[in-house]
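So the sequence lines, in the order shown, correspond to chains X and F.
Counting from 1, one number per residue, gives the positions in the first sequence under this note's numbering.
Counting from 243, one number per residue, gives the positions in the second sequence under this note's numbering.
Keep in mind the hints are simulated off the structure, nothing from the lab.
Don't take each hint at face value.
Taking CB as the label site, the calculated pair distances span [as the list claims (entries may be wrong)]: (1) X:W190 / F:A280: 15 to 25 Å; (2) F:G278 / X:S154: 40 to 50 Å; (3) F:F325 / X:S13: 13 to 23 Å; (4) F:I319 / X:G44: 39 to 49 Å; (5) F:I320 / X:S10: 30 to 40 Å; (6) F:I320 / X:P7: 35 to 45 Å; (7) X:V109 / F:L308: 40 to 50 Å; (8) F:I320 / X:S154: 27 to 37 Å; (9) X:I88 / F:R273: 20 to 30 Å.
Just so you have them, the derived chain F footprint on chain X, three or more residues with Cβ under 8 Å [as the list claims (entries may be wrong)]: (10) 36 to 44; (11) 96 to 106; (12) 197 to 203.
Every residue gets a Cβ at the ideal spot worked out from N, C-alpha and C, and that includes glycine.
Below are the chains, spelled out letter by letter.
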Amino acid sequence: MTQAANPFDSRRSQFLAGARACLPVAISVAAYGLVWGVLARGAGLTLTEAVLMSGLVFAGSAQFVALDLWTATPATLPIGPIVIATLIVNLRYLLLTATLRPLYPKKGVWRGALSMYLVTDENWAMTVAAMQRGGGSVAFLMGGGALAWISWMSTNLIGYGLGSAIDDPARWGLDFAFTATFLALLLGMWKGRSDLIPWLVAALAAILTSRLVDGSWHILVGGLAGSLVGAALETRKHAHQF
Amino acid sequence: MLTSSEALAAIIGMALVTIAIKASGLLLADRLPTQGFAAAWLRHIPGAVLAALVAPAIATGSPAELVAALATGLVFIITRNLFAAMASGVLAVYLMRLWLGA
Numbered sequence: 001m002t003q004a005a006n007p008f009d010s011r012r013s014q015f016l017a018g019a020r021a022c023l024p025v026a027i028s029v030a031a032y033g034l035v036w037g038v039l040a041r042g043a044g045l046t047l048t049e050a051v052l053m054s055g056l057v058f059a060g061s062a063q064f065v066a067l068d069l070w071t072a073t074p075a076t077l078p079i080g081p082i083v084i085a086t087l088i089v090n091l092r093y094l095l096l097t098a099t100l101r102p103l104y105p106k107k108g109v110w111r112g113a114l115s116m117y118l119v120t121d122e123n124w125a126m127t128v129a130a131m132q133r134g135g136g137s138v139a140f141l142m143g144g145g146a147l148a149w150i151s152w153m154s155t156n157l158i159g160y161g162l163g164s165a166i167d168d169p170a171r172w173g174l175d176f177a178f179t180a181t182f183l184a185l186l187l188g189m190w191k192g193r194s195d196l197i198p199w200l201v202a203a204l205a206a207i208l209t210s211r212l213v214d215g216s217w218h219i220l221v222g223g224l225a226g227s228l229v230g231a232a233l234e235t236r237k238h239a240h241q242f
Numbered sequence: 243m244l245t246s247s248e249a250l251a252a253i254i255g256m257a258l259v260t261i262a263i264k265a266s267g268l269l270l271a272d273r274l275p276t277q278g279f280a281a282a283w284l285r286h287i288p289g290a291v292l293a294a295l296v297a298p299a300i301a302t303g304s305p306a307e308l309v310a311a312l313a314t315g316l317v318f319i320i321t322r323n324l325f326a327a328m329a330s331g332v333l334a335v336y337l338m339r340l341w342l343g344a
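Generate the whole structure from the sequences, applying the supplied hints.
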């Protein structure tokens with residue numbers, strides 16, 4: 001009688017719940033997707049190349065960096081630097097996907113490897129927030145990922161079709177949709193005063209890094225600094241207790 | 243012109259390194275201990291990553307993002323509604339930028 005009795009039903013409702021949870025950030029994804037489409041055409045990508053890149057790579061910040069390096073003439077295309085830049089920009093995903101491990105069965109986790117394709121900052125954040133409330137599942141993660149994929153791909157195409165200079169998303173405050181959602185998610189993760197110092201360290205390290213280097217390094221540096229300090233404080237506290 | 247072999251190589255290269263990194267995090271997570279420092283470290287990653295994601299976007303030097311962040315936080319704490327928090331943040335940043343002429 002219950003929903004959980006039917007695995008397909010519960011998986012489908014989890015998938016839909018994940019998509020619903022990602023709606024607020026999908027707006028931000030769509031705004032940037034539009035801009036990426038416009039810039040891709042300007043950088044000289046053919047429509048086929050733009051669709052292939054978005055469809056196969058599906059990593060927003062890496063795709064923006066690739067446009068910076070792209071050349072319309074194939075002979076001068078810097079293939080090596082583009083691939084290396086992608087690797088560097090995406091390094092932060094090591095931290096993100098490691099935290100998703102509890103969603104997968106103890107044995108045969110390699111079968112979940114391909115599902116990592118649909119992991120973005122957005123559905124990762126929604127899923128770990130759900131996990132901390134005792135929920136979250138692979139289907140939930142995939143629902144959010146599918147919504148992000150659809151909003152990214154469709155707005156890339158619209159942007160490519162429009163081609164002309166589109167207003168900066170910042171003009172409508174849409175760049176802040178992402179920040180506001182993630183800030184609210186962070187507040188929802190608050191468990192007590194022991195979170196304060198790690199979060200402050202992460203924030204300060206990220207601000208400092210973003211001022212010094214371009215790209216998404218601040219996420220990796222801030223994430224590492226804050227989590228390491230948090231772990232150090234926690235293990236020291238336990239050492240005192242025992 | 244549909245594409246070139248060079249462009250195809252670049253795109254496939256990008257796709258392969260991206261999925262390799264994303265999958266590595268999940269697959270390597272098992273090698274990490276479930277207790278002690280490494281476990282505590284993994285537990286602290288989500289909050290730290292989120293703080294690192296939002297901090298530079300708030301500390302821009304302009305009061306617009308700061309006020310919008312306060313509005314977002316306040317609405318979230320009162321309503322516990324993610325969508326309401328997001329919408330008030332976007333509205334606040336839009337109005338503040340309009341007002342500041344930035």
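Note whether the CB distance of I319 of chain F and G44 of chain X lies within 39 to 49 Å or breaks it. Taking Cβ atoms as reference, I319 of chain F and G44 of chain X lie about 47 Å apart, which means the hint holds.
Cβ contact check, 8 Å cutoff: the stretch 96 to 106 of chain X against chain F, three residues minimum: This one holds; 7 residues, not fewer than the three required, reach chain F with a Cβ under 8 Å.
Are three or more residues of the stretch 36 to 44 of chain X within 8 Å, CB to CB, of chain F? violated (count 0)
Count the residues of the stretch 197 to 203 of chain X whose CB lies closer than 8 Å to any CB of chain F, then report whether that count reaches three. holds (count 6)
Holds or violated: 35 to 45 Å for the Cβ distance of I320 of chain F and P7 of chain X? Given about 38 Å between the Cβ atoms, the range holds.
Cβ separation of I320 of chain F and S10 of chain X, checked against the hinted range 30 to 40 Å: holds, 32 Å
Would you say the C-beta atoms of G278 of chain F and S154 of chain X sit inside 40 to 50 Å of each other? Check passed, 46 Å falls within 40 to 50 Å.
With respect to the beta-carbon atoms only, verify the hint that V109 of chain X and L308 of chain F lie 40 to 50 Å apart. holds, 42 Å
Indicate whether the distance between the beta carbons of I88 of chain X and R273 of chain F respects the range 20 to 30 Å. Since the Cβ atoms of I88 of chain X and R273 of chain F sit about 23 Å apart, the hinted range of 20 to 30 Å holds.
Look at the Cβ atoms of I320 of chain F and S154 of chain X and judge whether their distance stays inside 27 to 37 Å. holds, 34 Å
Between W190 of chain X and A280 of chain F, does the beta-carbon spacing fit 15 to 25 Å? Given a distance of about 23 Å, which is inside 15 to 25 Å, the answer is holds.
Taking the beta carbons of F325 of chain F and S13 of chain X, is their distance inside 13 to 23 Å? holds, 19 Å
Violation of the numbered hints given earlier is confined to hint 10; every other hint is satisfied by the structure.
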